[in-house]
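Okay, so the sequence shown: first residue is 31 according to our numbering, each after it adds one.
Don't take every hint at face value.
Label-pair restraints from in silico Cβ distances [as the list claims (entries may be wrong)]:
| no. | residue 1 | residue 2 | range |
| --- | --- | --- | --- |
| 1 | Ala54 | Gln126 | 35 to 45 Å |
| 2 | Phe285 | Gln126 | 16 to 26 Å |
| 3 | Ala150 | Leu175 | 13 to 23 Å |
Source of the hints: derived by calculation from the structure; they are not laboratory data.
Backbone N, C-alpha and C fix where the C-beta goes; we use that ideal spot for every residue, glycine too.
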Amino acid sequence: MAQRQRGTGDLELPRQGRRWYTDALLAVLYDIHGNLGALEAVLADAEATGAERFLLGGDFTLFGAWPCETLTRLSALPAATWVRGNGERWTAHPAQAPADATIQAAITSCVGALGIEAIAELDRLATAADVDGVHFVHASPISDLRSFAAAPNDEDGELLGPISAGRLVFGHTHLQFRRAAAAADVELANPGSVGMPFDGDRRAAYALLERPGGALELKRVAYDWAASAAAVRERFGADGGWAEIVAGRIERAAF
31 MAQRQRGTGD
41 LELPRQGRRW
51 YTDALLAVLY
61 DIHGNLGALE
71 AVLADAEATG
81 AERFLLGGDF
91 TLFGAWPCET
101 LTRLSALPAA
111 TWVRGNGERW
121 TAHPAQAPAD
131 ATIQAAITSC
141 VGALGIEAIA
151 ELDRLATAAD
161 VDGVHFVHAS
171 PISDLRSFAA
181 APNDEDGELL
191 GPISAGRLVF
201 GHTHLQFRRA
211 AAAADVELAN
221 PGSVGMPFDG
231 DRRAAYALLE
241 RPGGALELKR
251 VAYDWAASAA
261 AVRERFGADG
271 GWAEIVAGRI
281 ERAAF
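I would like the entire structure built from these sequences, with the hints used as guidance.
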């Protein structure tokens, strides 16, 4: 049985403008994409490790089976900093998204699930955050779509923009890695995707960051990815064919 979609009035929307500077461990979550099973596994692992703060790096709900439930769960986190991704921008402004029929159908489904109020609130989120001396963006400091490759290349300098932080954390590509930037003394780190990894490893990906200047640990957590893929098909299988494409990506851990 497909799970009931919640109305907008049932959603607790993100608290904005909050920044948390303490010694508590910071869990860094990117690209959840409405995959509640993966999110719950990551949160359980992070909390068991001692994480008390959360950095949420965008693309929270689009393309997933549980957009409302995912947003409600994230909004309940006690100490979270939110960064907007291209998914939030596209959902609020579909004309800014590619004209691809699959993407537009997924946006329509997400809009119907979340409602206008929640979508507008997510669209108003900041596009960057500075926490514990680390700069967080969705894809890069200059774009929520253009991001860094896993290997150094000539685009690093342009993508960095005017960044002054020594460590930059970003997502968007769904590939977990860290490396030095080719053009500056900056550490680049991509925690990977919680809900839809593209590196061949189906486990949910995230990162843990110790207090200012501390170590950053890239993490993987097992979860029932088959159930998440099946849920996308069951809930949205009739909505333009996008659900089958997304389910396949979850199953393959590849684009």
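Here's how the hints hold up against the structure:
{"no.": "1", "hint": "Ala54 with Gln126: 35 to 45 Å", "in the structure": "holds, 36 Å"}
{"no.": "2", "hint": "Phe285 with Gln126: 16 to 26 Å", "in the structure": "holds, 21 Å"}
{"no.": "3", "hint": "Ala150 with Leu175: 13 to 23 Å", "in the structure": "holds, 21 Å"}
Every hint from the earlier list agrees with this structure, and none is contradicted.
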